[in-house]
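*Asks:* Listed here are the chains, written in short residue letters.
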Amino acid sequence: MLTSLFPNVDWEKMWDATYETLYMTTISTVITFILGLVIGILLFLSSPNQLWANKIVNFLTGSIVNIFRSIPFIVLIILLIPFTKFLLGTIRGADAALPALIIGAAPFYARMVLIALREIDKGVIEAARSMGARTSTIIWKVLIPESLPALMSGLTVTAVALVGYTAMAGIIGAGGLGNLAFLDGFQRNRSDVTLMATILILIVVFVIQWIGDFITAKTDKR
Amino acid sequence: MRKGEFAMINLQNITKKYKTSNGELTAVKDVNLSIKKGEIFGIIGYSGAGKSTMIRLLNGLEKPTSGTVTVNNQEFSSIKGQKLRDARQKVSMIFQHFNLLWSRTVAENIAFPLEIAGVPKAKREARVKELITLVGLDGREKAYPSQLSGGQKQRVGIARALANNPEVLLCDEATSALDPETTDAILDLLVDINERLGLTIVLITHEMHVIRKICHRVAVMEAGEIVERGEVLQVFQAPQAAITKKFVSQITDTKETQETVAQIKANYPNGQLVKLIFVGEKTEQPVISHLVKQFDVEVSIVHGNISQTKNGAYGTLIVQIDGLVDNVAAALSYLNTVEVQTEVIANAN
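Protein chains in written order, with our numbering: chain V, 1 to 222; chain E, 1001 to 1349.
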């Protein structure tokens, strides 16, 4: 029945593309999480009245985040071509999309980390200080656990955005469902291929959203 | 500091200034203060009086602009880094809004300061068990803060503060977010801890009730300065500063009393309304029966109230004295001789 509804779909190719999309999304989400968390915590701690209050660090970090967050993703990919080539020796394939995906998403996530950390009650940080906690203890045992639900829902939003980014990266040759939809679907005028790729992307997004909501609810003990 | 008494806390010429967008703000102005070991010391003042800054100077959360803060033999005004962090483990703090970690259970919250102090897991668990029993939270170990009442949250706060066997407990408006009944239960727990563990307690509050109930000594703060200080009973008996009088009247002149007095004045225009203030042992003298027997006057009790402080009882009684003018005058002069403070509230006509 599927073959009659989608006559032009090469299922093996479709699964390969899905796998590539999942691969790019997963790796970039994990690295974005780590990088965004580090930058977000730095932004938070260097802001006024915080533990590492430092105007220069705060301004520089904030500026870098804002610049990379403002560049449209498709432009960022093109700008990063020399960098990717230097790093990986090629600009084709799923791995070649990763630098652009991470550099595009990490500043976006860093902002969400900052928002999440600002939501923490200042009194809780003060209480930890009054107990003689060092800053590293405050980061690991107060800041991260106390903002975990917000960090997770922010990561979900970022991961969904990353699925979209992988589709865009696909158009310039990174593989994945976006690539397939563009090359096999749009350019060859096979709308059933485009439709199937779209359905699979939607399924990926829904699954990510479902997992994200589940983790967020699980971690929230408020 | 009196001879032979060890000062647990000593503040010398403390001034704290903040830079704000509207210029400099002096939160604490040239304060000298000494608090004895084992004492419950209260600092009372309205918001903005500087008491919040004062208590944070005692564990180095705030550094004075000038002057020295010595607590438990550590100069908190100058120590830094690991030395300051170690010193803080012996000067713990509880808060108005409890400041518990919502991501941790009751037991995990209490274990937090022990983790900071590097206590091994087995010892940590044993200590947490002890503390849970001490503050009366048995059976609630696995609950999250969101599942507790305000009073229970403060009990967790107290257990957490006691975890590393501190010498000093700082209470930052610890009962201000609680209802009156829970407030009393928490205050009883603090007294119990003070007596059992010999802990020095410093508390800040805006409620005279808290001072009256548990403090040995009190300092009254206004605009960054200590305007009055002394034994609680003495301050109740003879408040000097205007602001102290206002705080004392929080307990003696409740709105209810004022209404009753106003009503009595309207209903019984004859006689004298007199407020009698009894302090300490004088609360037990049979003043009223004496009055009636000796002077042929009628005495009706309008309002009475006795407050227990840590240094003794403090009572006020409002009575109406009616009779022949000479008899009433004689009765009043008698009252002045019996060491009971009297205050005529309203004259007849």
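Read the hints as simulated data drawn from the structure, not as lab findings.
Do not take every clue at face value.
Calculated lysine-lysine pairs in the DSS-like style (CA-CA distance at most 30 Å, straight line) [what the hints assert, rightly or not]: (1) V:Lys141 / E:Lys1063; (2) E:Lys1255 / V:Lys221; (3) V:Lys55 / E:Lys1019; (4) V:Lys141 / E:Lys1083; (5) V:Lys221 / V:Lys141; (6) V:Lys218 / V:Lys55; (7) E:Lys1265 / V:Lys122; (8) E:Lys1246 / E:Lys1029; (9) E:Lys1265 / E:Lys1293; (10) V:Lys13 / V:Lys122; (11) E:Lys1080 / E:Lys1121; (12) E:Lys1293 / V:Lys122.
Far from chain E, by Cβ distances over 10 Å, these chain V residues were calculated [stated by the list, open to error]: (13) Met14; (14) Trp15; (15) Thr26; (16) Val124; (17) Val142; (18) Leu148; (19) Asp184.
Note that the structure is predicted; figures quoted are calculated from it, not measured.
Where is the CB? At the ideal position from N, CA and C, for every residue including glycine.
*Asks:* Now, for every hint given, state plainly whether the structure supports it.
*Replies:* Tested hints:
1. Restraint check for Lys141 (chain V) and Lys1063 (chain E): the C-alpha separation of about 25 Å stays at or below 30 Å, so the hint holds.
2. A C-alpha spacing of about 42 Å is found between Lys1255 (chain E) and Lys221 (chain V), which places the hinted pair above 30 Å, so the restraint is violated.
3. Distance hint between Lys55 (chain V) and Lys1019 (chain E) is fulfilled; the C-alpha atoms sit about 16 Å from each other, no more than 30 Å.
4. A distance of roughly 21 Å separates the Cα atoms of Lys141 (chain V) and Lys1083 (chain E); the hinted pair therefore holds under the 30 Å criterion.
5. Proximity of Lys221 (chain V) to Lys141 (chain V) is assessed by CA-CA distance (about 15 Å); at most 30 Å being required, the pair is judged to hold.
6. This hinted pair does not check out: Lys218 (chain V) and Lys55 (chain V) have alpha carbons roughly 37 Å apart, beyond 30 Å.
7. Taking the CA atoms of Lys1265 (chain E) and Lys122 (chain V), the gap is near 52 Å; set against the 30 Å cutoff, the hint is violated.
8. A hinted pair counts as satisfied when its Cα atoms are at most 30 Å apart, and Lys1246 (chain E) with Lys1029 (chain E) qualifies at roughly 22 Å.
9. Only pairs whose Cα atoms come within 30 Å are accepted, and Lys1265 (chain E) paired with Lys1293 (chain E) is accepted, the gap being roughly 25 Å.
10. Only pairs whose Cα atoms come within 30 Å are accepted, and Lys13 (chain V) paired with Lys122 (chain V) is rejected, the gap being roughly 53 Å.
11. About 28 Å separates the Cα atoms of Lys1080 (chain E) and Lys1121 (chain E), which keeps this hinted pair within 30 Å; it holds.
12. Simply put, Lys1293 (chain E) and Lys122 (chain V) have alpha-carbon atoms about 65 Å apart, too far for the 30 Å limit, and the pair is violated.
13. Annotated as non-interface, Met14 (chain V) keeps its C-beta farther than 10 Å from every C-beta of chain E; the closest such distance is 42 Å.
14. Once the 10 Å rule is applied to beta carbons, Trp15 (chain V) is consistent with being away from chain E; the minimum gap is 40 Å.
15. Look at Thr26 (chain V): its CB is around 26 Å from the nearest CB on chain E, clear of 10 Å, so calling it non-interface holds up.
16. The Cβ of Val124 (chain V) does not lie farther than 10 Å from every Cβ of chain E; its closest approach is about 5 Å, which violates its non-interface assignment.
17. Consistency note on Val142 (chain V): stated as away from chain E, yet its beta-carbon is not over 10 Å from all of that chain's, at 7 Å minimum.
18. Some Cβ of chain E comes within 10 Å of the Cβ of Leu148 (chain V); the nearest lies about 7 Å off, and the non-interface call is violated.
19. Non-interface call for Asp184 (chain V) relative to chain E: holds, since the shortest CB-CB distance, roughly 48 Å, exceeds 10 Å.
In summary, the structure is inconsistent with hints 2, 6, 7, 10, 12, 16, 17, 18 from the numbered list given earlier, while agreeing with the others.
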